[in-house]
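Q: Okay, here's what each chain looks like letter by letter:
Number of protein chains: 2
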Amino acid sequence: MSKTVGILGGMGPLATVDLFAKIVDNTPAVLDQDHLRIIIDNNPHIPPRVEAILQGGESPLPAMAASAKLLAKAGADFIVMPCNTAHYWLAELQAAVDIPIYSMIDNAAAFIAGRHRHLSGKVLLLATAATIKLNLYQQAFAREGMTLLLPDQNEQIMIDKAVRRVKAGELANNPYLNEFNAMLARHATAGAAAVLAGCTETPLLFPYFTVPLERFDATLLLAQMTIARARDGEGQKE
Amino acid sequence: MSKTVGILGGMGPLATVDLFAKIVDNTPAVLDQDHLRIIIDNNPHIPPRVEAILQGGESPLPAMAASAKLLAKAGADFIVMPCNTAHYWLAELQAAVDIPIYSMIDNAAAFIAGRHRHLSGKVLLLATAATIKLNLYQQAFAREGMTLLLPDQNEQIMIDKAVRRVKAGELANNPYLNEFNAMLARHATAGAAAVLAGCTETPLLFPYFTVPLERFDATLLLAQMTIARARDGEGQKE
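Same order as they appear, the protein sequences are chains E and V.
Its first residue numbered 2, the first sequence is counted upward by one per residue in the numbering used here.
Its first residue numbered 2, the second sequence is counted upward by one per residue in the numbering used here.
Bear in mind the hints are in silico, worked out from the structure with no lab data behind them.
Among the clues, some could well be false.
[Said to hold, decoys possible] The list that follows gives simulated cross-link-like pairs (lysine to aspartate or glutamate, DMTMM-like), each with its CA atoms no further than 20 Å apart: (1) E/K74 with V/D78; (2) E/K123 with E/D78; (3) E/K70 with V/E171; (4) V/K70 with E/D78; (5) E/K168 with V/D35.
The structure displayed is predicted, hence computed values, not measured ones.
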């Protein structure tokens, strides 16, 4: 029997849909019954993470812990969380439940360090200003002995604007696509070999990238890790 | 505070992703916090429904009832179920929990009867042979005083083949698209004015329909009803 996956979601709902879809799409399955049991708590009423960090707003931790407990009680064997910023509270959240919570950030760093170590110093992080300010990805890669490339300040402002337009549904018609591709071209010329989408919106722009850089999507990597962890249990009594 | 939605899912997982995505896409929201709390039990290990009905296989009812209880205990205020065939057990399932379970089939019939009553006898049901054999849609429309058009036997065989190819990811390249459109053209000539997707795969072929028939998608109608039911609670103490 495979393990039951818990998704602590709702931060935001679209990213939760995206992770769920990527798990289902990437599970080897012929019949419904080959798929994984997944319990999702899509709770968009968790207080906003960026505001809590940057503006001293209400902490999201109590609501996140309640959701983790709900998932554990409902039968989840482990938890994943499709929100990069929320990983700021991961250690405290883990203390609230007895089942493991696997980090999407550590997972992306471990995957790239394991198979693409030669890309150290050549992976451009595409994330929001808040995620970059928290150093979550930079620290995870540093623990793997790798460094990341970061956009400069003006590029970061443009990325945040492009991400907001993605949230509003603007993909092929995103007004920042030309600037985005110009930025990718500059980094490619300067030695970048890959991009890492460390914000759940940026992979949605991948189809419109015109610069031939390798592309890593932390949400897709999380989906693949989730499937592997859940299927680890196959044939065992859980 | 809006109500918490419970989705009894996994039958199949793709249809569950589709309903979740349609709820999120259709919720009026600017911030994450404007979205609905949704608890999903995606349990693809529920025994197969069609086999239970047509071949006397294991009943899915006990597993469905366990899932409904899990959702109620986790805090869902009502339950919806993105699987047409599973509605065969709706009355027995409802007896297992104290929160309401709203029918996607009755909802589609009520919507069309309420706003498109002039289409009685002119809506072609696009569903699997199993759903049609169970008379679920035909009975729901009869209760509303309306009748549905059904494909003939050869057309139904073709629809089931096309649906299997959709499940395998074949949309624009679905080998049955020409036959499908020829069928739609025949029914349009004979007086059909609309199609009703009463199978969670058929709406995925809507973009490739070349015949100008009105299109109803039972999953989208379920998403819209779910949003309305959940937001009914706004401003009330739940």
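Q: Each hint: holds or not?
A: Status of each hint after checking the structure:
1. Between E/K74 and V/D78 the CA atoms are separated by roughly 18 Å; this keeps the pair inside 20 Å, and the hint holds.
2. A threshold of 20 Å between alpha carbons decides the hint, and for E/K123 with E/D78 the separation of about 36 Å lies outside it, so the pair is violated.
3. The hinted pair formed by E/K70 and V/E171 fails the criterion: a straight-line CA distance of about 40 Å is larger than 20 Å.
4. A distance of roughly 19 Å separates the Cα atoms of V/K70 and E/D78; the hinted pair therefore holds under the 20 Å criterion.
5. With a CA separation close to 14 Å, the supplied pair E/K168 and V/D35 stays within the 20 Å bound.
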